[in-house]
Amino acid sequence: MQKIYPNAAAALDGLLTDGMFIAAGGFGLCGIPELLLGAIKDAGTKDLIFASNNAGVDDFGIGILLQTRQVKKMISSYVGENAEFMRQYLSGELELEFNPQGTLAERMRAGGCGIPGFYTKTGVGTVIADGKEHKDFVGPDGKSQTYIMEEGIYADLAIVKAWKADETGNLIFRKTARNFNPPAAMCGKVCVVEVEEIVPVGTFDPDHIHLPGIYVHRIIQGDHEKRIEQRTVREKS
Amino acid sequence: MAWDRNQMAQRAAAELEDGWYVNLGIGIPTLVANYVGDKDITLQSENGMLGMGPFPIDGEEDPDLINAGKQTITELRRTAYFDSATSFGMIRGGKIACAILGAMEVDEKGDLANWMIPGKLVKGMGGAMDLVAGVGRVIVVMDHTNKHGDSKLLRECTLPLTGKAVVDRIITNLGVLDVVDGGLKIVECADGVTEDVLRAATEATIV
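Protein chains in written order, with our numbering: chain B, 1 to 237; chain X, 238 to 444.
Chain B on its own, in the form it takes in the complex (with noise of 0.2 angstroms):
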């Protein structure tokens, strides 16, 4: 099966549906899916609902849908940093779910391995708990505690960033912009990734594949601007 796609906008081509439910890789601007948001945008698919950790700046990442007014509802655990997303979101023209980050990172990993729900300790006695189903259970320090269950997410379409893949969708990201790729990209009924470089097929080592290519169905090649959300360095000493 070829994979392989001349650009976002081709690879994206058929799957896009207003109204549609996308989870999205990335932490704050780092490792996001930042070509194939270009090409949703140009698009103009509309009323989309997102689950991603963040909501990127104004002019970066999500941000550049919520200028566009494509977004219906964000299901993050942190959106600061984004004026736009703070003054549609206080004008009710945006719906917000909170999720707790670790939460967040499971619902998606739960989703793409088939468990509908799952039990944590994340929340509970706090807003998050409220209107979810409590349960008592022996931890591994041998005492009862209550937990709540959270529902795994299923989403039409998951847009992924990582550094290279080989021509069958075999993944390696590179540091910390690994983050919430490989969960989103389980839990996509499809998957498109953008990478840095495609190699091909023998190249990567099969033990340091990061994620296997059977969550990958579409890949593109391109050139990345990679922004630096708080630059901070020290002196030379």
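Keep in mind the hints are simulated off the structure, nothing from the lab.
Misleading hints may appear alongside valid ones.
[Claimed, not checked] Here are the simulated lysine-lysine pairs, DSSO-like style, with alpha carbons at most 27 angstroms apart:
| hint | chain 1 | residue 1 | chain 2 | residue 2 |
| --- | --- | --- | --- | --- |
| 1 | B | Lys236 | X | Lys276 |
| 2 | X | Lys357 | B | Lys73 |
| 3 | B | Lys135 | X | Lys401 |
| 4 | X | Lys360 | B | Lys175 |
| 5 | B | Lys46 | B | Lys226 |
| 6 | B | Lys164 | B | Lys73 |
| 7 | X | Lys360 | B | Lys41 |
| 8 | X | Lys422 | X | Lys384 |
| 9 | B | Lys143 | X | Lys401 |
| 10 | X | Lys401 | X | Lys357 |
| 11 | B | Lys189 | B | Lys164 |
| 12 | X | Lys307 | B | Lys226 |
| 13 | B | Lys72 | B | Lys41 |
| 14 | B | Lys236 | B | Lys189 |
| 15 | B | Lys226 | B | Lys73 |
| 16 | X | Lys422 | B | Lys143 |
| 17 | X | Lys307 | B | Lys73 |
| 18 | X | Lys357 | X | Lys384 |
| 19 | X | Lys332 | B | Lys143 |
| 20 | X | Lys360 | B | Lys46 |
| 21 | B | Lys73 | X | Lys360 |
[Said to hold, decoys possible] Computed spacing ranges between beta-carbons, pair by pair:
| hint | chain 1 | residue 1 | chain 2 | residue 2 | range |
| --- | --- | --- | --- | --- | --- |
| 22 | X | Gly331 | B | Gly80 | 25 to 33 angstroms |
| 23 | B | Asp42 | X | Gly256 | 19 to 27 angstroms |
| 24 | X | Thr311 | B | Gly80 | 48 to 56 angstroms |
The beta carbon of each residue, even a glycine, is placed where N, CA and C say it ideally should be.
Dock chain X against chain B, hints included.
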């Protein structure tokens, strides 16, 4: 009189034991890394890294290498990278020995509020709820009172909670207190601070 930010961080660093895997929050907790000395401490960054190094030298920043505060950092020889689900697996699974984090309010039952002020802009809890629910020991480092001079150590938190009965120890500019049955217990007073001063600045029950 009392401890400054660096002295609070230094006092918090004394809590860490050789061999621990530790997660440090932003603000004063970040300074704790400067005072671990010869102890073998591995820092976790919850965006997917164990073995977090210092900020890079100017010109060596890597957009693919950031910490949970989105700042550019460096790796160490021991560094390991992993995805977010694995990262919070080790947090939720109790593999991280200790988290040191800041707070807006802590109460005498160990409830913690540090993510949201109703009516103000809400940015989100990030990984804070997972950390306080999952790690072995939660240490809060914060000023004892807010800018109006009111105690941040309360009988009961007034802000929306990050976690219920999760805090083990509180380190402030005035001293160190533990959460115990019935309230807070004074462990130590800061340099030049008497127990009376510490008690007077604390709304929570001191046992």
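Against the structure, the hints come out as follows:
no. : hint                                     : verdict
1   : Lys236(B) x Lys276(X)                    : holds (24 angstroms)
2   : Lys357(X) x Lys73(B)                     : holds (20 angstroms)
3   : Lys135(B) x Lys401(X)                    : holds (16 angstroms)
4   : Lys360(X) x Lys175(B)                    : holds (26 angstroms)
5   : Lys46(B) x Lys226(B)                     : holds (26 angstroms)
6   : Lys164(B) x Lys73(B)                     : violated (31 angstroms)
7   : Lys360(X) x Lys41(B)                     : holds (24 angstroms)
8   : Lys422(X) x Lys384(X)                    : holds (24 angstroms)
9   : Lys143(B) x Lys401(X)                    : holds (16 angstroms)
10  : Lys401(X) x Lys357(X)                    : holds (22 angstroms)
11  : Lys189(B) x Lys164(B)                    : holds (22 angstroms)
12  : Lys307(X) x Lys226(B)                    : holds (13 angstroms)
13  : Lys72(B) x Lys41(B)                      : holds (14 angstroms)
14  : Lys236(B) x Lys189(B)                    : violated (48 angstroms)
15  : Lys226(B) x Lys73(B)                     : holds (25 angstroms)
16  : Lys422(X) x Lys143(B)                    : holds (24 angstroms)
17  : Lys307(X) x Lys73(B)                     : holds (24 angstroms)
18  : Lys357(X) x Lys384(X)                    : holds (17 angstroms)
19  : Lys332(X) x Lys143(B)                    : holds (17 angstroms)
20  : Lys360(X) x Lys46(B)                     : holds (24 angstroms)
21  : Lys73(B) x Lys360(X)                     : holds (15 angstroms)
22  : Gly331(X) x Gly80(B): 25 to 33 angstroms : holds (29 angstroms)
23  : Asp42(B) x Gly256(X): 19 to 27 angstroms : violated (52 angstroms)
24  : Thr311(X) x Gly80(B): 48 to 56 angstroms : violated (24 angstroms)
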